[in-house]
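Novice: Sequence:
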Amino acid sequence: MAKYLVIVESPTKVKTIKKFLGANYEVAASNGHVRDLPKSQLGIDVEKDYEPKYITIRGKGDILAALRKSAKKADKVFLATDPDREGEAISWHLSKALKLEEKSINRITFNEITKSAVKDSLKHPRKLDVDLVDAQQARRILDRMVGYRISPVLWAKVKRGLSAGRVQSVALRLIADREEEINAFIPEEYWTMDAVFQVPGEKKPLLAKFYGTDKQKVQIHSREELDRILKELEGAEYRILDVKKGERVKKAPVPFTTSTLQQEASKVLNFSTQKTMRIAQQLYEGIDIKGNGTVGLITYLRTDSTRISEEADHAAREFVKQQYGSEYAAEPQPEKKSGKKIQDAHEAIRPSDVTRTPFNIKESMSRDQYRLYQLIWKRFLASRMENARYETTSVKIGAGNYRFTVSASKLVFDGFMNVYVQDGDEEKSGNVLIKGLETDTQLILKEFENKQHFTQPSAHYTEAALVKTLEELGIGRPSTYAPTITTIINRRYVAKENKNLYITELGEVVNSIMLQAFPSIVDVNFTANMESLLDKVEEGVVNWKTVVRNFYPDLDEAVCNAEKELEQVKLEDEVTDVVCEECGRNMVIKYGPHGRFLACPGFPECRNTKPYLEKIGVSCPKCGKEIVLRKTKKGRKYYGCEDNPECDFMAWQKPSGKKCPECGNIMLEKGNKLVCADQACGYTEKKQ
1 MAKYLVIVES PTKVKTIKKF LGANYEVAAS NGHVRDLPKS QLGIDVEKDY EPKYITIRGK
61 GDILAALRKS AKKADKVFLA TDPDREGEAI SWHLSKALKL EEKSINRITF NEITKSAVKD
121 SLKHPRKLDV DLVDAQQARR ILDRMVGYRI SPVLWAKVKR GLSAGRVQSV ALRLIADREE
181 EINAFIPEEY WTMDAVFQVP GEKKPLLAKF YGTDKQKVQI HSREELDRIL KELEGAEYRI
241 LDVKKGERVK KAPVPFTTST LQQEASKVLN FSTQKTMRIA QQLYEGIDIK GNGTVGLITY
301 LRTDSTRISE EADHAAREFV KQQYGSEYAA EPQPEKKSGK KIQDAHEAIR PSDVTRTPFN
361 IKESMSRDQY RLYQLIWKRF LASRMENARY ETTSVKIGAG NYRFTVSASK LVFDGFMNVY
421 VQDGDEEKSG NVLIKGLETD TQLILKEFEN KQHFTQPSAH YTEAALVKTL EELGIGRPST
481 YAPTITTIIN RRYVAKENKN LYITELGEVV NSIMLQAFPS IVDVNFTANM ESLLDKVEEG
541 VVNWKTVVRN FYPDLDEAVC NAEKELEQVK LEDEVTDVVC EECGRNMVIK YGPHGRFLAC
601 PGFPECRNTK PYLEKIGVSC PKCGKEIVLR KTKKGRKYYG CEDNPECDFM AWQKPSGKKC
661 PECGNIMLEK GNKLVCADQA CGYTEKKQ
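Start counting the sequence shown at 1; every next residue gets the next number (my numbering).
No lab work stands behind these hints: they were computed from the structure. Where hints are given, some of them may not hold.
What the hints assert, rightly or not - Heads up, simulated EDC-like pairs for lysine to aspartate or glutamate below, C-alpha to C-alpha not over 20 angstroms straight-line:
{"#": "1", "residue 1": "231", "residue 2": "242"}
{"#": "2", "residue 1": "622", "residue 2": "642"}
{"#": "3", "residue 1": "446", "residue 2": "237"}
{"#": "4", "residue 1": "451", "residue 2": "227"}
{"#": "5", "residue 1": "654", "residue 2": "508"}
Please build the complete structure, drawing on both the sequences and the hints.
Specialist: What follows is the structure, given as structure tokens:
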């Protein structure tokens with residue numbers, strides 16, 4: 001009998017796939033990449049047209065030896081790595097490392113690890129897609145060039161093992177720009193005015209919002225404006241001018257892509273992008289289900305497509321009809337073609353078998369696996385269901401020249417919301433539909449509810465919001481979002497607190513060097529354009545070496561310039577007046593992975609270090625001692641009293657030495673303005 005070898009990436013897949021195939025098939029794992037560029041050098045021969053130098057990854061020798069042995073015995077070798085650029089590249093490297101002849105290379109891919117998908121792929125092997133391989137090679141080489149050429153410049157500048165990355169540097173810049181925008185934001189006051197009415201013959205009151213005049217919408221900016229409107233409304237008659245009935249439709253969501261899964265898992269389950277991808281990988285590769293063995297529960301997890309196969313689409317609609325009734329199943333819609341490149345024509349992320357409900361297999365999964373699978377399953381099922389429908393009522397109330405409005409809605413058909421409710425889907429209306437509201441009905445005013453508000457700055461990025469922005473800007477691809485964010489957090493360029501991402505002092509230093517010396521690398525449009533060029537390589541339109549040839553000379557010139565210019569502003573050890581209590585020397589300011597600290601210049605004889613508290617020359621408004629620049633445990637900057645914890649003064653913005661002329665509170669620096677620390681006071685002035 002013929003012997004066949006199937007090579008996959010992960011040992012978990014081996015277990016899942018083995019049970020689908022007969023005794024004639026051996027299934028083995030490469031454990032990811034087997035060859036890569038060397039760690040000790042650039043690994044790209046610039047003189048020989050940017051030819052990469054690949055070597056066997058340390059620790060992979062035994063794996064490759066075992067695979068070579070199995071390949072020699074096999075009549076056919078099937079390369080079954082993941083169905084994307086990375087997977088194609090791993091198969092290509094395997095073909096080189098195992099010395100497979102081109103005619104005997106059988107590349108197979110499956111979007112889900114199910115018996116039918118695996119067996120079908122074996123019937124339709126193909127040759128390696130060189131364009132996919134080249135696109136991955138180009139990305140790897142561009143990333144290597146940026147990392148290996150710019151990182152030594154950062155070492156020279158900041159004195160520690162920092163590093164730069166092609167996509168991570170742009171992500172860091174986005175976070176830095178957002179932080180700057182928030183710090184410079186000046187809140188503006190505004191008021192809302194609601195009127196509570198009694199409707200004749202009704203027990204429940206009617207809450208209406210102030211709209212403006214009969215001609216236009218009016219924003220109330222101050223208490224004085226509010227008082228003027230209230231005065232003009234004294235003695236006014238309140239009458240319903242118009243009642244409009246209508247219907248609103250809430251569309252069913254599309255199935256998950258990598259980006260939307262990461263965003264929703266962050267919002268709903270509080271998962272980091274890294275955790276989401278790790279658990280999704282487990283669900284894709286296979287879970288040991290009681291009575292079924294190891295089963296791949298979801299389709300491939302790295303995709304930016306929302307397409308669904310006809311077979312899965314039909315199965316989902318039939319399941320909806322059986323479980324919820326035919327009125328809940330949506331009619332199939334023709335696919336809308338988008339101009340955007342969809343990675344590898346994948347499907348969206350969906351359950352491999354929709355009849356495998358989360359509840360039925362809950363006992364076979366960990367809590368986190370169950371929660372993520374449930375999210376994917378519900379979202380997919382909802383995407384095949386009818387829209388939700390609301391009955392709406394809109395009421396316009398007149399009082400002289402002023403207008404108030406009431407809007408209320410009632411769910412009349414829940415549709416997809418029977419299965420899946422997103423944040424914001426549940427109606428939070430203050431009004432229940434009141435029957436009998438008719439034009440010209442006189443209303444009795446019970447009271448006004450007036451509230452003061454202040455405009456808020458843009459929110460800090462969360463992982464989910466950063467992924468959304470990166471996707472919208474065309475930076476990175478499904479496989480890069482999680483590692484990019486993980487890298488900037490692990491390198492302490494960014495601190496994560498309560499879901500929010502804040503730039504650290506170290507991140508600010510790195511970002512400012514990148515902006516100064518390598519503006520194109522951190523340019524959003526440049527990076528997005530590079531991604532589209534890589535897509536063109538994948539499509540076979542552009543040669544991968546053309547991309548590299550156009551990129552490297554500019555990078556090389558920028559690095560050479562930076563090495564000369566940045567040496568002139570190289571950070572020297574700044575001597576302080578703090579005396580080392582162990583040897584009597586004046587301590588110096590050093591830079592480390594967590595930012596600045598004080599160290600004894602007598603190292604290594606004296607190893608004394610202590611936190612560096614930078615005084616800003618302003619007295620604490622609570623106790624009169626010095627205010628110093630401090631950092632949270634995760635590296636976020638703030639200003640606090642040097643006498644902490646005895647004195648609890650703190651501020652996120654830098655305090656100035658000036659007092660507010662209106663309330664006497666301390667003033668804070670925000671961009672080019674000084675603002676009162678008491679938001680209710682609201683006093684601002686231009687910074688001198």
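Novice: Are the hints correct? Go through all of them and say.
Specialist: Okay, the hints, checked on the actual structure:
no.	hint	result
1	231 / 242	violated (25 angstroms)
2	622 / 642	holds (12 angstroms)
3	446 / 237	holds (12 angstroms)
4	451 / 227	holds (12 angstroms)
5	654 / 508	holds (16 angstroms)
Of the hints listed earlier, the one the structure fails to meet is number 1.
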